[in-house]
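Asks: All chains should be built: construct the whole structure from the sequences, respecting the hints.
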Amino acid sequence: MTPLLGREAELRAAFSRLASGQSAAIVGEPDTGKSLLLAQLARAEVRAEWLPHPERLAVFALDGRHLPAYFIATTFWQSVFGKLCVEAPPAIRVEAKQFVAMGDYGAFALERFFRQMGRSGLRVVLLVDHFGHFLSHLLAPPAASAGELLGALRSLSSRSGGLSLIVASHRRVSELNQQTAKLNPRGSPYFNTLQEIRLGAFGTDEARKILGSQVEAPLVDAVLAAVGRHPHLLSLALNLHPIPADAQSIVNALSHRAGEHFDLAFSSLSNLAPVLLSAVGYKTLPRPPALGDIEDLIWRGWLDRNSDGTLRPDSLLLAQWLENKHAELV
Numbered sequence: 002m003t004p005l006l007g008r009e010a011e012l013r014a015a016f017s018r019l020a021s022g023q024s025a026a027i028v029g030e031p032d033t034g035k036s037l038l039l040a041q042l043a044r045a046e047v048r049a050e051w052l053p054h055p056e057r058l059a060v061f062a063l064d065g066r067h068l069p070a071y072f073i074a075t076t077f078w079q080s081v082f083g084k085l086c087v088e089a090p091p092a093i094r095v096e097a098k099q100f101v102a103m104g105d106y107g108a109f110a111l112e113r114f115f116r117q118m119g120r121s122g123l124r125v126v127l128l129v130d131h132f133g134h135f136l137s138h139l140l141a142p143p144a145a146s147a148g149e150l151l152g153a154l155r156s157l158s159s160r161s162g163g164l165s166l167i168v169a170s171h172r173r174v175s176e177l178n179q180q181t182a183k184l185n186p187r188g189s190p191y192f193n194t195l196q197e198i199r200l201g202a203f204g205t206d207e208a209r210k211i212l213g214s215q216v217e218a219p220l221v222d223a224v225l226a227a228v229g230r231h232p233h234l235l236s237l238a239l240n241l242h243p244i245p246a247d248a249q250s251i252v253n254a255l256s257h258r259a260g261e262h263f264d265l266a267f268s269s270l271s272n273l274a275p276v277l278l279s280a281v282g283y284k285t286l287p288r289p290p291a292l293g294d295i296e297d298l299i300w301r302g303w304l305d306r307n308s309d310g311t312l313r314p315d316s317l318l319l320a321q322w323l324e325n326k327h328a329e330l331v
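Heads up: the sequence shown begins at 2 in our numbering, then just goes up one per residue.
The hints are simulated quantities; they were obtained by calculation from the structure and are not laboratory data.
A virtual CB, placed ideally from N, CA and C, is assigned to each residue, including glycine.
Hints should not be assumed to be uniformly reliable.
[Unchecked claim] Derived Cβ-Cβ restraints for the label pairs, each shown as a range:
#1 309 - 21: 27 to 35 Å
#2 196 - 122: 17 to 25 Å
#3 331 - 79: 47 to 55 Å
#4 102 - 134: 27 to 35 Å
Replies: Given below as structure tokens:
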């Protein structure tokens, strides 16, 4: 089992954006399956199932973690065109080699190239995983050409018809815009052209369906109680051999690995962290939390509701982690 199970709707949404020549941001907390979804988009045989003319696309995956500690717009485009010259379909490869021979990676030259791609019915698709790392490298001082590159990506992906951008990020588009606003305080936000495809926890029925396809029926309730609806925790449980028959034994078996997940995921909650701690009784807020924040935490897989409507941690694993960590979290 992988976190991609149960993500058919999100995969369909991503391919819908690609089919229409648009761009998207796959947004979710750590371990929700963002990288796996990007990997599906990168597979030629999967694109052949979903897209009418996959041979007209040159799809390249970039991992933000593996970029140089500091890079500029020119080196980024040199890397992209280096891949195009070697790995792209023949029609795009020829155009890319001619572009590289000119030696001009300026805004006007890039616009001409990608507009020509669009007019020819061809398109370059950049899949950028760990987009937060990408931005960290790009914005590292002196960040000399950060605005130039982000502006070019926005313009080319929204106007040329020859470039699409799909990024995976734990930050929402509004947060990405805030992070980069200082680069162009009076201009349009850099990421408003990215439609969000959000990955949260599974619904209870979906989690039961996934578990029911993987384990014997008597184990479903025990696993769900122990790990809740989060895809990564479900994956950890289903990789136990054998899976213990009771929920507490599952918790004991997964406590360390789940703790590492919660440590990372909690750091991405930002302003929702106090709301979570308040909802489970570890923190008092000056005013009741907004209902939207509570629903967001339920959607993310941090909280769930009891039959009487009261809130509780989504899993026994999370309840144990909060019990052990709440003093340092508050």
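Asks: Which hint numbers does the structure go against, in order from smallest to largest?
Replies: 1
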